[in-house]
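Go ahead and model the full structure; you've got the sequences and the hints to work with.
Residue numbers (this note's numbering), protein chains in the order written: chain A, 26 to 176; chain B, 13 to 410.
What the hints contain is simulated information worked out from the structure, not anything from laboratory work.
From the three backbone atoms N, C-alpha and C, an ideal C-beta is built for every residue, glycine too.
Hints are not guaranteed to be accurate.
Here are the simulated EDC-like pairs of lysine to aspartate or glutamate, each with C-alpha atoms no more than 16 Å apart in a straight line [claimed, not checked]:
{"id": "1", "chain 1": "A", "residue 1": "154", "chain 2": "B", "residue 2": "259"}
{"id": "2", "chain 1": "A", "residue 1": "93", "chain 2": "A", "residue 2": "155"}
{"id": "3", "chain 1": "B", "residue 1": "288", "chain 2": "B", "residue 2": "263"}
{"id": "4", "chain 1": "A", "residue 1": "90", "chain 2": "A", "residue 2": "60"}
{"id": "5", "chain 1": "B", "residue 1": "111", "chain 2": "B", "residue 2": "285"}
{"id": "6", "chain 1": "B", "residue 1": "296", "chain 2": "B", "residue 2": "269"}
{"id": "7", "chain 1": "B", "residue 1": "54", "chain 2": "A", "residue 2": "53"}
{"id": "8", "chain 1": "A", "residue 1": "154", "chain 2": "B", "residue 2": "361"}
{"id": "9", "chain 1": "B", "residue 1": "68", "chain 2": "A", "residue 2": "155"}
{"id": "10", "chain 1": "B", "residue 1": "195", "chain 2": "B", "residue 2": "285"}
Selected chain B positions facing chain A (Cβ under 10 Å, derived; list incomplete) [unchecked claim]:
{"id": "11", "residue": "182"}
{"id": "12", "residue": "251"}
{"id": "13", "residue": "343"}
{"id": "14", "residue": "379"}
{"id": "15", "residue": "380"}
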Amino acid sequence: MKAVAEVIEYHGETTIVVPRELLRSAGERCRDHLEFNLLSDATCVDHFPIEPRFELNYHLTSLPKSAKIRLRVRVNGSDPVVDSLISIWPGAGWMEREIFDLMGIRFNGHPDLRRILLPDDWEGHPLRKDYPTQGFRDVPASASYLKKAST
Amino acid sequence: MTTVETATGEAKTMVLNMGPQHPSTHGVLRVLLELDGENIVKAVPDLGYLHTGIEKSCEHLTYSQAITLTDRMDYLNPLGNNLVYCLAVEKLLGLEVPKRAQYIRVMMVELQRISSHLVWLGTHAIDLGAMSVFLYCFREREEILKIFERFAGQRMMTSYIRIGGISVEPPAGWRQMVNGVLKMLPSRIDEYETLLTENRIWMARTKGVGYIKPQEAVAMSMTGPTLRAAGIPYDNRRVFPYSSYEEFEFDVPTRTDSDCFGRYMVRVAEMRESLKIIKQAMGKITDQGPIKAEAPGIVPPQREKMKTEMEALIYHFKIFTEGFSPPPGDAYVTVESPRGELGCYVASDGSPRPLRVHFRSPSFINLQALPNIIQGQLIADVVACIGTIDIVLGDVDR
Numbered sequence: 026m027k028a029v030a031e032v033i034e035y036h037g038e039t040t041i042v043v044p045r046e047l048l049r050s051a052g053e054r055c056r057d058h059l060e061f062n063l064l065s066d067a068t069c070v071d072h073f074p075i076e077p078r079f080e081l082n083y084h085l086t087s088l089p090k091s092a093k094i095r096l097r098v099r100v101n102g103s104d105p106v107v108d109s110l111i112s113i114w115p116g117a118g119w120m121e122r123e124i125f126d127l128m129g130i131r132f133n134g135h136p137d138l139r140r141i142l143l144p145d146d147w148e149g150h151p152l153r154k155d156y157p158t159q160g161f162r163d164v165p166a167s168a169s170y171l172k173k174a175s176t
Numbered sequence: 013m014t015t016v017e018t019a020t021g022e023a024k025t026m027v028l029n030m031g032p033q034h035p036s037t038h039g040v041l042r043v044l045l046e047l048d049g050e051n052i053v054k055a056v057p058d059l060g061y062l063h064t065g066i067e068k069s070c071e072h073l074t075y076s077q078a079i080t081l082t083d084r085m086d087y088l089n090p091l092g093n094n095l096v097y098c099l100a101v102e103k104l105l106g107l108e109v110p111k112r113a114q115y116i117r118v119m120m121v122e123l124q125r126i127s128s129h130l131v132w133l134g135t136h137a138i139d140l141g142a143m144s145v146f147l148y149c150f151r152e153r154e155e156i157l158k159i160f161e162r163f164a165g166q167r168m169m170t171s172y173i174r175i176g177g178i179s180v181e182p183p184a185g186w187r188q189m190v191n192g193v194l195k196m197l198p199s200r201i202d203e204y205e206t207l208l209t210e211n212r213i214w215m216a217r218t219k220g221v222g223y224i225k226p227q228e229a230v231a232m233s234m235t236g237p238t239l240r241a242a243g244i245p246y247d248n249r250r251v252f253p254y255s256s257y258e259e260f261e262f263d264v265p266t267r268t269d270s271d272c273f274g275r276y277m278v279r280v281a282e283m284r285e286s287l288k289i290i291k292q293a294m295g296k297i298t299d300q301g302p303i304k305a306e307a308p309g310i311v312p313p314q315r316e317k318m319k320t321e322m323e324a325l326i327y328h329f330k331i332f333t334e335g336f337s338p339p340p341g342d343a344y345v346t347v348e349s350p351r352g353e354l355g356c357y358v359a360s361d362g363s364p365r366p367l368r369v370h371f372r373s374p375s376f377i378n379l380q381a382l383p384n385i386i387q388g389q390l391i392a393d394v395v396a397c398i399g400t401i402d403i404v405l406g407d408v409d410r
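Written out as structure tokens, the structure is:
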């Protein structure tokens with residue numbers, strides 16, 4: 026398997042797309058060999074209905090080298106699981122919890138994967154594209170198929 | 013219900029619920045504390061009480077409409093939020109903003125930094141029992157808010173920075189107003205320092221309290237004054253300059269003590285640095301010049317042109333009904349907010365509404381390290397530690 030699937034240069038930002046299986050080793054390499062010691066942000070984009078549906082972006086910053094880079098992983102909607110990067114950057118903990126909460130991606134090896142912003146008994150993941158902006162309260166019964174899609 | 017597992021398993025610890033309606037949690041933060049006598053064994057923050065789904069709502073609005081939502085995240089730094097969002101969209105569009113607008117942006121954001129630090133200093137002092145500092149800080153903040161009102165028509169939710177520039181020309185007599193604040197503040201900041209810095213109670217409550225190791229702060233992704241107080245001079249204005257910050261001369265204050273006192277000293281020093289930047293920006297802002305980029309179809313045309321030119325009228329109608337469509341792609345921009353690195357990630361799919369808007373809010377990420385900071389501390393110091401991380405719950409929960 027190729028370690029780097031694709032390199033994208035756009036607007037002066039470098040994006041490295043890695044296969045899902047190699048995310049953790051790519052992260053380790055970035056931190057240990059390339060000195061990207063600060064995980065600035067982790068976020069997720071939903072490209073519904075295109076597959077692979079989810080795109081996880083990790084924005085890394087190197088304090089010694091004053092550089093930025095983006096690690097990207099694409100994940101299918103049928104199996105939204107990736108490895109947690111908490112062992113590399115402990116700060117990933119809450120970022121991953123936020124993605125789990127709002128996008129419904131699960132992180133392998135996360136010690137405390139609970140909802141963080143929404144109540145624990147919330148149904149669905151609001152930032153997914155098949156979740157209506159107004160929520161499900163006002164969706165008429167005839168459109169109940171929408172509700173099925175997000176669970 | 014969030015439950016705390018007892019770390020020791022013995023009956024001598026007790027679980028105490030602090031917040032969400034607790035004045036010193038600066039909003040609606042709930043922290044579950046496991047106590048052994050007066051000492052913290054374990055702390056679990058519980059958030060989300062102010063979650064309003066701003067990121068989801070942004071996907072429902074056009075690019076220019078979403079600016080009004082960014083004001084409402086970090087309500088002590090609305091101009092900074094406007095700025096980071098507009099910079100991200102401008103990067104997507106490849107838009108160049110006129111220098112004059114960039115300098116006005118810098119001046120406004122630095123004024124905002126001072127006003128935010130004043131609120132922080134006042135509330136932090138009141139948390140630790142110094143009532144009068146709070147009143148003085150809010151007195152000075154009022155003067156800064158008056159400037160915002162004159163510039164933008166609003167004291168807090170300004171929406172002043174727009175895609176491609178700023179919304180309106182600075183008001184008549186603005187130099188006098190800003191000069192008034194520049195003259196007043198240095199002596200007032202000295203006054204706060206006289207009240208606090210050498211104060212024995214203040215030192216006892218802050219020195220050596222809430223220590224975090226520099227490596228740990230980086231590993232926990234902490235940024236802003238908290239990181240600089242740990243001796244790491246990471247400031248986005250210096251390291252990744254935006255909006256012409258590379259043309260300004262200023263210092264990045266750092267400390268090595270990495271405790272509550274160090275963070276206090278860093279913020280006070282930052283206020284003085286901001287004054288320096290404002291002074292330079294005022295010198296660079298010319299009286300005449302464009303405040304908006306030349307970008308028909310993206311930046312709304314001038315009112316006068318709309319009445320004489322057909323094209324301008326069409327563009328105006330298109331911008332406010334349909335919006336504009338940046339090319340597909342994504343951009344991530346970081347700026348230095350008063351609380352740390354504020355990031356904005358915008359992804360476009362070529363439609364007039366953003367595919368995804370994500371904010372890397374410094375309060376949220378810095379708060380993550382709270383359990384590490386307060387472990388083993390006394391319960392009274394929890395208040396000091398929450399205060400010095402300087403969280404704004406609107407920014408934490410978004």
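Each hint tested on the structure:
{"no.": "1", "hint": "A:154 <-> B:259", "in the structure": "violated, 42 Å"}
{"no.": "2", "hint": "A:93 <-> A:155", "in the structure": "violated, 32 Å"}
{"no.": "3", "hint": "B:288 <-> B:263", "in the structure": "holds, 9 Å"}
{"no.": "4", "hint": "A:90 <-> A:60", "in the structure": "holds, 7 Å"}
{"no.": "5", "hint": "B:111 <-> B:285", "in the structure": "violated, 21 Å"}
{"no.": "6", "hint": "B:296 <-> B:269", "in the structure": "violated, 36 Å"}
{"no.": "7", "hint": "B:54 <-> A:53", "in the structure": "violated, 29 Å"}
{"no.": "8", "hint": "A:154 <-> B:361", "in the structure": "holds, 13 Å"}
{"no.": "9", "hint": "B:68 <-> A:155", "in the structure": "holds, 12 Å"}
{"no.": "10", "hint": "B:195 <-> B:285", "in the structure": "holds, 14 Å"}
{"no.": "11", "hint": "182", "in the structure": "violated, 30 Å"}
{"no.": "12", "hint": "251", "in the structure": "holds, 5 Å"}
{"no.": "13", "hint": "343", "in the structure": "holds, 6 Å"}
{"no.": "14", "hint": "379", "in the structure": "holds, 8 Å"}
{"no.": "15", "hint": "380", "in the structure": "holds, 5 Å"}
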